[in-house]
Structure formats: C-alpha cells, structure tokens
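With these hints in hand, go ahead and build the complete structure from the sequences.
The lines below spell out each chain.
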Amino acid sequence: MMATPPERSARVRAVGLLSGGLDSTLAARVLLEQGIEVLGLNYSTGFCMNDHRRALGRSEDDPRRLRNEGLRAGSDLGIPIEILDAGEAYLKMVLNPKHGYGKRANPCIDCRIFMIHGAADYMREHGAQFVFTGEVLNQRPMSQHMRSLRLVEKECGIPGYLLRPLSAQHLPPTVPEQRGWVDRDRLLAICGRSRKEQIALSRTWRIEDYPQPSGGCCFLADESFARRFHDKKEHSDVENIRREELILLKVGRHFRLAPALKIIVARDESENNFLSRFVDSRWRFEVPDTGSPITLVEGEPDLEMRRLIAAITARYSDRRSEPLVEVSGRRAEHEERLVVSPLADQALEAYRI
Amino acid sequence: MDLTRERQKARSSPADEILDTVGLYCPIPIIRTAERMKRLAGGAVLEVISDDRVILIDMPAWCRSTGNAFLGSRQEGEEFRLLVRKKEGHA
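Chains as they are written, first to last, in our numbering: chain A, 1333 to 1685; chain B, 257 to 347.
Rather than coming from a laboratory, the hints here were simulated on the basis of the structure. The reader is advised that the hints may include incorrect statements.
[Unchecked claim] Every beta carbon over 12 Å from chain B, so not counted as near; a handful from chain A, in silico:
hint	residue
1	Leu-1423
2	Lys-1435
3	Arg-1482
4	Arg-1511
5	Leu-1552
6	Asn-1572
7	Leu-1593
8	Ser-1613
[Said to hold, decoys possible] Among chain B residues calculated to face chain A with C-beta under 7 Å, some are:
hint	residue
9	Val-310
10	Arg-320
11	Ser-321
Glycine residues also receive a C-beta, built at the ideal position from the N, C-alpha and C atoms.
Encoded structure:
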C-alpha cells in the first residue's frame, strides 16, 4: 500500500528520520516552514557511542553530552519523536549487508534502506503522505552520492515518496512535489561536504543547540570496533552471532589467543562493572586484592591458555612490575589460582585485535 | 521490567502506574515509557523509575516533544523517580 493522499482540508503529514544532527533538524524545519506536519523517528541501533557511554555510567561524563539528540531536536522543533528499537532484524542486516561495508564495519546503504523501510511502515500506520531524510547529495562517500541515493530510494519500498529536502532541487521531483503537497521552489539545493549553507540556515532559524558533525557517533564506523567486528565474523558462524557478543566488542582491550578463543580485558572500573554483567558461564580472571582488570573469556581455554590469560591479566593489574603474580580464574562455582609472570608487552602485541 | 518491584513501589507512589526501568539505559526507558503511555488514559500519571541519570534530560525533552506533561523527579539513592502525565484526548 502506498501513502494515503491527504484529506482536502487536512494538513500534509510527513515522517522523517531525525537523528538530531543539524541536517535532519534542518530538513524537518524546511518542511515545517511549509506548514507540513512532521513526525520524527529516531532509531536505537545498539551501536550508538553515546548510548554506550551512558551504559558505562562514568560519573565524569557530562549528562548533557550524553542526551538523546533526537529527543532534544524534537523538543526544540515542537514535533513528536518516536524512538524505535532496531532490534534483531538490524543485527542480521549488520552481519550480512547486501550492499557491503564502507571503510570500517559500516553498512551505510543497507542501514539507510532498513531505516527508511521502517519509516515507510510508520508513514502508512500514521496516515502520513511521504518520508523525508536529512541526506545531502555528495556529503558522504558511501551513502550519499547520486547513485546510492537512487539505489536507496529504489529499494526502500516507496519510490517517489522519499524526499530529501536539503538537496531536493538537485534530484528528480518526487510525488509530494508533483502533487503540490510540497513546494519544490522552497526546498533546497545543498550539495557536497561543506556545511556553510547548513550553518547559515541554522543561524537564520536560530537552531543553535545541535551536536557538532563528527561522523563519530556510530561504533560501526569506528576503526578499532571494526577490527574486532570483522575478527568476530571471521572466527564465528555468522548466523549464530548473538547481540551480546557484539555489545562486548564495544568495551576493553581485545586479544585473540586461538581461532576459537579470545579475551576482553577491561580498561577501568566502569568497564569492569560492565563486563561483570556478562560473566554468566564464562571464565573470568582478575588479580585479587589489588587494582585489577576483569578479563572475560570467550571460548574454552585449556590450562596452558588459562596461564596465558592470567599472565595478560597480571600485565594490566597494579602488580604488573612484580616478577610473579597470583591470579584468580573463576568459572561459575569453580575457582583456581595461578601464579604467573606478567606477560611482556612485545609478546602481548601478537594477540591484540 | 521487574513486576514485583513495581508492585512494591506502587504502594508509595502518587502515580496511576509505575514503570521500573532500573538497569536499562536510554533510550530503552524512553521506548518503554512511550509503549506504556499508549495504554494509559488521557490525564493518567505514570511514574518511571530509572538509574540512568541522563533520563533527567531525556524525559523532559520527550514530554515536550510529545505534548505529555513532565511533572518532576526526585532521587532516592541511586534511583530517579520521574512523573509524567499523559496528555488529554489520547486514549
């Protein structure tokens, strides 16, 4: 079913993907200026760095910097925001993106298609007429050049009903423009990576409180996360990778000791607390009675490997300069104590992911 | 969501319903709040319990965005208790 035409006297209604960044905020504002009713959608993917910082609960983090920007933007614009949990379907997409990954582990094209599909469903459920995004032509290398904008539109299930208000005048007219629901002349012709026009518009409309564009808010585009992610895919049955395993890629130092054995060593107390939630039936190591990381094990280590894990744990403890350190290794009710020398840094590097 | 905890907390709450989101981090408490509010009658008050301090910023923003009323919050130990009134006219 395609979008419902608006009733003769009713306002045109549009559903937009609203991350809360400047582009999506401006896209919404462009439509609000035309008297269009805007409903905002904000996806929770599980890969947002801000959300992860919140889960770590570091008291030194400024709560204002950890806020949900979609909610903040909705509040500032006066439009309702619904947060959608992308859930397991998103996870499956991330592990098997039809259009592949960008430079890191970022499946940007599939991610757009996924979200716009969801927005299209929301549009139909809420009697809206079209979907819009804050995409800008040629702003990003993988997902925002002409070919990928057209590809996304083709695959998102609502061809002709996907409007990009910021670059609309560079793109073929959409159905909302052709039918006069939206005035094409009042849409924009922004193109490229420069943000001068967006910043000028934000001043005109007094949109001042928005996050700085960094492109660094998604773990999937992060270099070290991507290394761990691809290592996980390489050493696992991809169909059976669980959400929890991907969550654990966000924290600590990661070392692969064998094809079916890796460890995660926490970097501070907040990561210790975070990893503690995932112990379950896994082995965990720490040096008792001193400042020590928790080391979480994925896989089944034999005694030789447990000694290696103990040596790595000792290396990151406060007793790293001592010749011999006693390390506790536990799994459920079983505990063993291993006396080891902290592993030398040179040896450690061979295992680092 | 811990239903037993919710029942215990309900005894001391001025709200019509309680939503316990302790241990969950935003945006999950906001998603759960939105789901629960859909089931409430207009004017009903929901108390949301959370241990994520950033909810003190996100919940008022969500309320302003959706037209529901944020009635305030108080802290009890590590937990925050926030009151939200559903806007009238939405079943």
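Here is what the structure says about each hint:
no.	hint	in the structure
1	Leu-1423	holds (16 Å)
2	Lys-1435	holds (27 Å)
3	Arg-1482	holds (31 Å)
4	Arg-1511	holds (29 Å)
5	Leu-1552	holds (18 Å)
6	Asn-1572	holds (25 Å)
7	Leu-1593	holds (30 Å)
8	Ser-1613	holds (20 Å)
9	Val-310	holds (5 Å)
10	Arg-320	holds (4 Å)
11	Ser-321	holds (3 Å)
Hint compliance for this structure: every hint is met.
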